[in-house]
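**Q** Here is how the chains run, residue by residue.
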Amino acid sequence: MKPGTKLKSTVDDTEVMVIRGTDAVVECGGAPMADEKPAQLGTLNPDFAGGTMMGKRYVDEAGTVELLCVKPGKGSLAIGGVALQIKDAKPLPSSD
Amino acid sequence: MNISLILQMAADADPDRIGLVCDGRRWSYGALYRAAQGAAATIRASECAHVALLDESSEAAAIALFGSALAGIPYVPLNYRLADADLAALLSRIAPALIVGDVARVQKLAPGDGHVVYSRADFVARAEAAADSASLPDEVDEDVAVQLFTSGTTAAPKAALLRHSNLLSYILGTVEFAAASDDEAALVSVPPYHIAGIAALLSSTYAMRRILLLPAFDPDAWLALAASEKATSAFVVPTMLGRIIARLDAGARADISSLRAVAYGGGRMPVEMIDRALDLFPETNFTNAYGLTETSSTIALLGPEEHRAAHRSADAAARARLGSVGKPLPTVEIEIRDEEGRLLPQGERGEIYVRGDQVSGEYKERSALDKDGWFPTRDAGWIDEEGYLFLAGRADDVIIRGGENMSPGEIEDVLLTHPAIADAAAVGVPSVEWGEVVGVAIVPRPGHESPCDDEVRTLVKERLRSSRVPEHILVLEALPYNEMGKLLRREVRTLFKG
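Protein sequences appear in the order of chains A and B. Residue numbering for the first sequence is 10 to 105, as defined by the numbering used here. Residue numbering for the second sequence is 192 to 689, as defined by the numbering used here.
Just chain B, with the same shape it has in the complex (with noise of 0.2 Å):
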């Protein structure tokens, strides 16, 4: 199996239709198949281990992605934004690699590393000039598609592998061949070193829904490529919706119009953000979909109707799906486990294991299913009792207090209801007495004085148990995130030791 099957698939239905926009630029499958193809005998001949990218979304990361595969060559895209030190690291361990994108910094950090390096226009301009004259094995040995380096929130970045069995069930499994009407249009604007931003490449192009690619999101931007190029759906982090809602708000004008659906992902979502949302675009369809990296994106979905059912219901348990990732895919299976990898009851909170074909579960340097092919998330959840599947942070955010487990997210949840409270994390603080104690770090609203100490810990106590109320209280002016969203907790509890 090979995702180049993807491209190729969709170039042999329809070569003319324009298969991706860019800067401006119009490709056709056609065209865009042409060109993996030229890249592919560029990076045989190379003969280097993996093909790197650095560099902004472009059509170069659709055409390295399938060209890679052609080649039977494993793809990293990299992340720009990694500091110096970080991005050498990653460059040595995929020492020798074609990398295209910014040829200075590779040069800067990576000098001896034995890399290929082209800026983006030489690589397509290369790409297309070699397509013609490609001569290319008709199947190719390899079988990990993708490496993507795992953001590290809590730890150094592990290399995570996904296979191209993996990457074809997921789409094969979710996504209908050119079920795309000629008007519809994806508007991408995640990194093409996210797994979303690689599992957008796949689905629109095995759908053949034109993709709209946003070099590096800005919600201006997003909102007038929108407009122009008349997007149909779209896929952002909860903070992207924030910051355009923002923008929209502020008076920001763009007929988004013809935008029928809107998949978000990839952090917590706070509820107040999606029932605006809902408001604001009553006629849009808004799917949340749940993923990490070793599953090939998506495990579980909440759809559209489950959003509009929840977010006019009375009822509170109905209300409160607003907060859930929906079901698993048909395709997967989820069970929530005990410390000691036990099944748990419904309603219990547990660590999240997912097993199915899409799901890798694998890095370079060890496999982390179980025996049975299950992989352990390190998310903890709960199923409830229509089989919702709700988050409740990292395994590893659990706060053990005197052995008492707690999560993060339901004492955040109390702060967030505090009127003067714009945002709230809490942590784990090493204490000599109990093992952990609860630390939080609270952002004040813009306009209001930050709530006394002693009023954050009546709310938390009036609310929760006693074991919750905060023995550390910080006041910043904002939390640590990284640039999809997530909340660096490592960062936050490293505040706690000064």
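One chain only, chain A, in its complex shape (with noise of 0.2 Å):
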């Protein structure tokens, strides 16, 4: 996953955009991410319905892959089943 690239939820509006990335393939909602929307949304899987809030970012334990949260929807993020965590970032003060 080249940094920029879009991925898509297959299960509902999820949008993110790739910041940091390896191989690995991103799941919402428990199924993989695609470039593209289908024209059908698959079923959300409960265990993974947490949701995504826009504007945060997503990160996996090992600080590996990081993920903007572009568009939000009711799936959660995960990798091979495990869920991506909101990266936590201590607020600055303005300085624009």
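Take the hints with a grain of salt, since some may be wrong.
Said to hold, decoys possible - Which residues of chain A face chain B? A few of them, derived with a C-beta cut under 7 Å, are:
#1 G13
#2 L50
#3 M63
#4 G64
#5 V79
#6 P102
#7 S103
#8 S104
#9 D105
Please keep in mind that the hints were generated in silico from the structure rather than gathered at the bench. Ideal Cβ placement from N, Cα and C applies to all residues, glycine included.
With the hints in hand, could you dock these two chains into one complex?
**A** Structure, rendered in structure tokens:
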């Protein structure tokens, strides 16, 4: 996954942009994400239905994958069934 | 990656929210994004190599910035204050360009360069009209988002390239998406061709903080806009802050009680001025931001609590931090190195190097990054025991007398303690014996006699080593600054040649 690549959920409205990536397959709502949103959405897996939040960055445990949610949805993000976590960033005072 | 994502996300999240106010016109994020799409269609149809702005700040700057990104064409805001010959040289370097702003000047200076020129009003009208029919590619290959000509205080302007990935890394690393509440409004008065002007548009749009654009800085207009639109934050360069304080001292009245945060940067802030500002605005959060064009804006900052702690402290080291630019952002690394590029220990003065995703360090002609990705800023500085970064002038400004390096700043700081000296600049003056000797230009405070040469020399000699004592002393009415408040040392040096 090249930085800048957009991935779309196949079971909900979620869209993410890759900030940092590996070859891992990212899932949303329990199903692999794709380059294009399918005409017919699949079924959301209730185990991965925590939802995604717009503008949040999601990372894996090792910090090798970082995704920016650019469209929110009902599914939650995972790699190999392991849920991704919201990246906690210390708020900075605005400098611009 | 593409910075148009910033506006697209804001427009997706809340298309009706007001994102920008300029000259009384209010733009929602939805309207801005539509205009940017229309602008992108116009830009692509022009088949130009660059999109330039030759104008004061207005909505056209935001529409051109995001429109260029959507079109995949580098955006090049130009300094409209440049002299004709200098501007003509830049216009030929970006030809053919779609240029927004001063139509007559482009036609006069670059008639044969193949530029496509629109007035601000025509460009905005066209962008809005073309919004509905705009068909744009999903992805564009161009990775340069913005090209900025450096101010050239030491040499001819260089074309610094900022890639989409640099700017987006900066924004994602420093700004929380849609973090601003409904009432937040940022007053932007820096020119559109300055990195701070670009960063202000990107940061505030991503935070969804309403942007209040002041077309050109004037202290009374600034106070009036801050009061009428209830600005909650502002970015100023030190000269602007000085002029605002002078107006308030002279009795100007404006209710700016809404102003909760002031960030400053872009030039050296005199400690007396920030001290005065902290007294004058006891409830305001001050942030000092240090950054360069080549680093996509801020790389280090001194935050509000640090300002107040330093301001209140009786401890000299803690108080001195008011003169520092704070600590590096968590997303960048900063090192101090000597002339051979070797890492210097804490406390020693050398050249500031920086590394991080937001750091471009790249010019059209060449990249200045070393093999490990470090950018030599040419700024001199040092880091104290708690990690605070202090600036000590430009590395090129170092005066080398008989092999001894000295920073102009240490001499200037001593001169400024004299009650009759309002401003001072120290530069290296060529000398057969020493290579260089110290020359100082001083500006007497109004109503004061300029101190005699012996008095100036004694002052420096008592406080610093004898090598710092100025050989040449000039008394001037004012020092030469550019419009961003940067001292033009090159011009000061020229004065000693006469």
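**Q** Would you pick out the hints that fail for this structure and give their numbers low to high?
**A** 2
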